[in-house]
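Peer 1: Chains as they are written, first to last, in full-length UniProt numbering: chain A, 1 to 446; chain B, 1 to 446; chain C, 1 to 446; chain D, 1 to 446.
Rather than coming from a laboratory, the hints here were simulated on the basis of the structure.
Don't take every hint at face value.
[Said to hold, decoys possible] Once the Cα atoms are required to be at most 30 Å apart in a straight line, the calculated DSSO-like pairs of lysine-lysine come out as:
no., chain 1, residue 1, chain 2, residue 2
1, B, K440, A, K111
2, D, K181, C, K440
3, C, K111, B, K311
4, A, K111, A, K234
5, C, K440, D, K305
4 protein chains.
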Amino acid sequence: MPPNPDHGRMNFALPPDLVSYLSDLDTFIAQKIAPLQARDDNERFFDHRREHSRTNWDAGGLPRDDWEDLLSQSREIADEAGFYRFCLPTEYGGQNGGNLWMAVIRIHLAKKGLGLFNDLQNEHSVVGNFSDVLMVREFGSPEQKEEFIKGRLEGNRVLAFGLTEPSHGSDATHMFTHAEKTTRDGVQGWVINGGKMWISGMHRATHCILFARTHGKPGDAIGITAFFVPRDAKGFVIESYEWTFNMPTDHATLTFTDVFVPHSAVLGQIGHGLPIAQTFVHENRLRQAASSLGAAMYCIEESIKYARKRKPFGEELSTNQAIQFPIVELSTQAEMLRLLILKTATEMDGMTQKEIERDLGDKVSMCNFWGNRLCTQAADRAIQIHDLNTSTDIIVSGIPLSSDSPLLTSPGRYRITEGSEEIQQRKIAAYLFGYVGPRKAELSKL
Amino acid sequence: MPPNPDHGRMNFALPPDLVSYLSDLDTFIAQKIAPLQARDDNERFFDHRREHSRTNWDAGGLPRDDWEDLLSQSREIADEAGFYRFCLPTEYGGQNGGNLWMAVIRIHLAKKGLGLFNDLQNEHSVVGNFSDVLMVREFGSPEQKEEFIKGRLEGNRVLAFGLTEPSHGSDATHMFTHAEKTTRDGVQGWVINGGKMWISGMHRATHCILFARTHGKPGDAIGITAFFVPRDAKGFVIESYEWTFNMPTDHATLTFTDVFVPHSAVLGQIGHGLPIAQTFVHENRLRQAASSLGAAMYCIEESIKYARKRKPFGEELSTNQAIQFPIVELSTQAEMLRLLILKTATEMDGMTQKEIERDLGDKVSMCNFWGNRLCTQAADRAIQIHDLNTSTDIIVSGIPLSSDSPLLTSPGRYRITEGSEEIQQRKIAAYLFGYVGPRKAELSKL
Amino acid sequence: MPPNPDHGRMNFALPPDLVSYLSDLDTFIAQKIAPLQARDDNERFFDHRREHSRTNWDAGGLPRDDWEDLLSQSREIADEAGFYRFCLPTEYGGQNGGNLWMAVIRIHLAKKGLGLFNDLQNEHSVVGNFSDVLMVREFGSPEQKEEFIKGRLEGNRVLAFGLTEPSHGSDATHMFTHAEKTTRDGVQGWVINGGKMWISGMHRATHCILFARTHGKPGDAIGITAFFVPRDAKGFVIESYEWTFNMPTDHATLTFTDVFVPHSAVLGQIGHGLPIAQTFVHENRLRQAASSLGAAMYCIEESIKYARKRKPFGEELSTNQAIQFPIVELSTQAEMLRLLILKTATEMDGMTQKEIERDLGDKVSMCNFWGNRLCTQAADRAIQIHDLNTSTDIIVSGIPLSSDSPLLTSPGRYRITEGSEEIQQRKIAAYLFGYVGPRKAELSKL
Amino acid sequence: MPPNPDHGRMNFALPPDLVSYLSDLDTFIAQKIAPLQARDDNERFFDHRREHSRTNWDAGGLPRDDWEDLLSQSREIADEAGFYRFCLPTEYGGQNGGNLWMAVIRIHLAKKGLGLFNDLQNEHSVVGNFSDVLMVREFGSPEQKEEFIKGRLEGNRVLAFGLTEPSHGSDATHMFTHAEKTTRDGVQGWVINGGKMWISGMHRATHCILFARTHGKPGDAIGITAFFVPRDAKGFVIESYEWTFNMPTDHATLTFTDVFVPHSAVLGQIGHGLPIAQTFVHENRLRQAASSLGAAMYCIEESIKYARKRKPFGEELSTNQAIQFPIVELSTQAEMLRLLILKTATEMDGMTQKEIERDLGDKVSMCNFWGNRLCTQAADRAIQIHDLNTSTDIIVSGIPLSSDSPLLTSPGRYRITEGSEEIQQRKIAAYLFGYVGPRKAELSKL
């Protein structure tokens, strides 16, 4: 009995042009990227040897050049084919992709598994992220845009993002790095002292967007300023690279000792650097959630196939409830989470940054923490299911039990980099219990 | 930066006419049902005294008449106001509501908590369920429709659904009750022997739709036939009523000893009764999932309010992470599950029964088992949070710690009545691993 | 290869005299208590009808007299047989049982299921608890011992324990009830004002041991005094009884309005009542943990037997991993928890109250919260397993799905009454992280 | 009130001579092993560089020689000091340690963290395991004992254990490798064909104890025979080494093509090899459980210290319930599991192999699966707690976030190597539900 035709309906299907875009992307990957991956034993960067192939153990554990060159090459191909700049505004050669489309693309690519087309270990993808470009576009002077956006897209400017410090935890208002106004050699500017940690990409960056306190006291939201600091500035030292579960490292520890920058190095308004740092936090969290979901779906799918294929005593492994039920649990979550991500992305697309923060911050954090946890659990389960009958099938089926499994460790990383699970939960709780957000007034009256 | 206007978008907002319908429903409840509940100490049926007020302990634990009369009265009011028959086809005075609208209404009502407008303990609601009517409409003869649909809506026919038996578990093909063709007093018909258990509503029913094996052997899907058996048929005995966590009982245990019915009592085709029994299994499972979700949301909301209001040592209870984080977990699930229910309902609205079974059975089961479990967990958490500081607030705030908490026990019941959690998971697994459903061919080739 | 005979060994076997005591207890129950339970339809107090049989719905939900009289009768039989006073000192006719033996006995009795010999709903047991006697023995004057210990054992004094209030939460130092020195009719004494809630046994008590602030301010540990207040004191009113999941209620809400007691009513030192209240907190928590463990073991055992017996489609239910694995999880926990309870009890037996608080408080709380949670989970699982194939076996096998399942609700109660799970975890954390306890100095230096 | 002195008591304290032995072991490690670890940058094998320092990436991922030489050196020192052979019988220079003492030692060493004294990654320890020696002692001929026990202890015989195959899963009776009687060059013997996988230590072994079917059919317990096959036998090929999460690898994949061995190579009785393979399965599982527990305790302790030390915003991290409560859960489990391990070890010490299998197999599996899972969870939580405020403290405090964290990956390995979690649970279930073990008769009658 079809329902009343006069009743309003809903529609949960992906828009047809997006479905078609995913198909084009698949074709492009199959025709242009997969052959490059298959060439010259480039598979060594993706199979069980990949941690070793990517890591220059004796140079601080940094990525090897041949590995990063291959990534660059694939990005250039994707740029020529029109995919790489998808999320950029049209003025920079992009298509102004938006959050919904980006989320669907991130899920789609991560669900395909690991490859030269997409690699969660270092956020490489044929469809690029450009938070740095968007940040300069939003807050930069015309000169800064000219230098850093144009330069970035042409490849002669590379920006690192210098916010985190060893001891301030998740609350950047307690940062220790500080800058004072000064004049050096007749040039008005700032002298910076302090240190940063876990700064990604510094080994190839030409500049660091550095956040430092210029006035106010620890805990003040106002008083933090952003600076462009060139890599070769005097007093700017890369002390070390931090080794993690997930090698190679590109997590630099930096110190700044009497580093001078001219006033033109200031990004945005003096003392208002923190909002710059937080501009794309929601976009990044959602994008990460989408990638985690995709990776979880990959693990689920591989587990299903393996459990059907594997017949330890003549009977399919998948006939065991101990195999079936955990996959049912994971799969149900993946179905549900996918919808929350798509809904949240859709709503973000119609809101300003300020509205997103006020009305949608809890939903973004829900997507993020659930996605990252789900992915870790799905990877853990996939390994457990494959291990029940240890075999080379494990490698063949795409979950290489190497020391650098992107399945295990990247989501693990995700559970930290955009705010740990606990930080996300704290944020959601603040909305739910009305300490911030739309229910603040209502619940405070209780 | 708003996304590319040429890109297709999605829309997750409820249709405006549905939002408006919910508002009308709220107004109706406030104006017509709430006053009736407030009258004549009718609150005794809903506050901490409700188990005792509803139960006739000394008459087998059946519902008391004044309780069931009050329910009837509220349904009549709702029928006059045009709400009660919402899901029925227009030919029977309904609005042909459909699965999406019904799901949204079920969530909405359960989220309001417990009251004369909606009570999960016995599936009473001002917006009715009519599985029996729809079943007769689909499979009945013109005479049966005349008698049982018209009679049902006028109140002189009440149908019970007689499928479950004590020992066949969840697989009705192993049922023991059987019927043989016979002629009695010159009338062609059937003689039925066997027994049924957990038959709801039998104490007020005029007829039981009884399922019995007429040919084939245990385990055969074919060979089960449905009969209308009048309550006063000779040999039809209500042996007892089963007491449960959730009193009053209306779960009768029945025996049939040489019960004769004429051939006109057969519903549908001989031997094809099982599909009749299963006709609305997906609709029922989804409706139940929606009610469970609504009840979970109620528990979450009450917990949030209580934790803000309660200040055990001058500080709000809600400042504790041990209070916050479990609510964050539950709330995230509620957000996600809501979308999966709405999506599944929307898809069901565009499909035939056969298509639903083939392509959507796993999603329905996902909604069902997750919803019922979520509800139990939310109720458990609500009780735990309220209990942290035992107080009369518990009753005031709508989670009466009485011996018949609908919060605790109804969802518990839900975890059984439409197929236990394990049964749902088994079904989902069958789809996921390709033993049934759309991936059957693909995954069997592995 | 047997190990080196010179090496010291351990011994985890129960002492033989304790094993033999359990056997004597079983014999006594079989010969003296079981027949009484079987007589005069006394089974109505234990089968599915028990909530109704025990509850006087129309008198505030209090226990019926015939129910409490039957309990008294069984206790008298047990006293004559020498079991009832087991834990009391020999001077009061007991055997000075100690914590280890009491824990083993509590586990043993609860593991036998529900009966007139032991009922967790109201802590009735043929082997009694006597916290009140021990409290008066420890802190009372000779006159008080004469009146309240002798009177209690002879049955003409019944004490309720009046500590909890509606709004101070788990921290009694914030209590609102207060007493001031006064002289009335020439008698020096105290006038008490305030209120108490959740006071068990008040309906049959002759006196309430009431805790009230006599000096100091909210939050001070010192300044709370204990008083014997007779039930018939002027101004002492039982306002109501709180209905819970677990009927009948014996949880009174009390008010005290200008209630006068003479100075001789003071128990212990003025201002030092709080340590009196806390004297047996560890003993009670451990005893409760033992009962919870026993009940969990009962649920596990019933589930195992049912799953072996039940053959829904000709195959034993227990062949399903979805049945097996949850029982494996529960059973492993029961094995482990049993040892922690026995070890903790053994260590308590060799320590003073002060040493227990300093060195063992975390272990006691570990036993308590894990035990109570395990019991709830085991009951939940038992119900789920039995429900998979709803059947009368459920009642037959001893887990009656009645509205007053001791399996479900008593442990639920346990999760509150001696400090909620969260309170226990907070306490354990304080020891683990060195905020109190033996590691305080070491960890504070970090 | 101390308990009745006539009552039998229990004793859960470690025997004093064992406590004293642990202390001697600590002294030895501090004086002899720690200095060696501190020398010549040997720390590189244990700090964040250790995966790279240990792995010869370009030689199949095998352990580097300097790494394995260092391990040998430490074992020699331990042998001289009288610790290494602790578990061996006195006839071979050991002390016949027994299961209880070995379990306590394993817990103690793993609890100290990672070092040259004990390394779970490859089961290296200053107190050695000697399953191979005990196996030859139990089943070998006098000549075999002379060659393989004496040779092993002198260092000129090294044995690998060749049971597992790529596709038979956990049931070795389905192995594919087979041997036929033959005469070659006048010597009676056997010709072996087949393959093995995940064979540890093969890269340094002189012989493989190879299990092959000599008669019977797949699934038969009888018909599998054990052979000593020299590494240089013709047709015996090491095909590859499998890379895992946990590098370096020492997991060889072997093939056997017409490999001839003389009759004297047979270990034990022909056709009765399977019991040989299973001889020490319980001892190994328990030892592994003990190591897992120790590692879990290490993670818990490090987390506690870090959370006290770390003050992100001036307040200790450990004041958060989201930090405290998970540690409370883990710590409670560690306390409980420790007792079950000690009890099981104590009971094993008084039983024959046959009795252990019949009466204790479920307890051993309980220890094993719970221990391995607990360890994984404790490591995961330790990482999560440390990550909340990413910092160099992570490395300093002994949980180096390197790509080869023994905390994360070794227990992960444990969840596989002695039978996966699922295999353990299946085994426990078989006992609990009476399919095997002491309750078989009782429960089969239901």
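Peer 1: Okay, which hints does this one fail, numbers in order?
Peer 2: 2, 3 and 4
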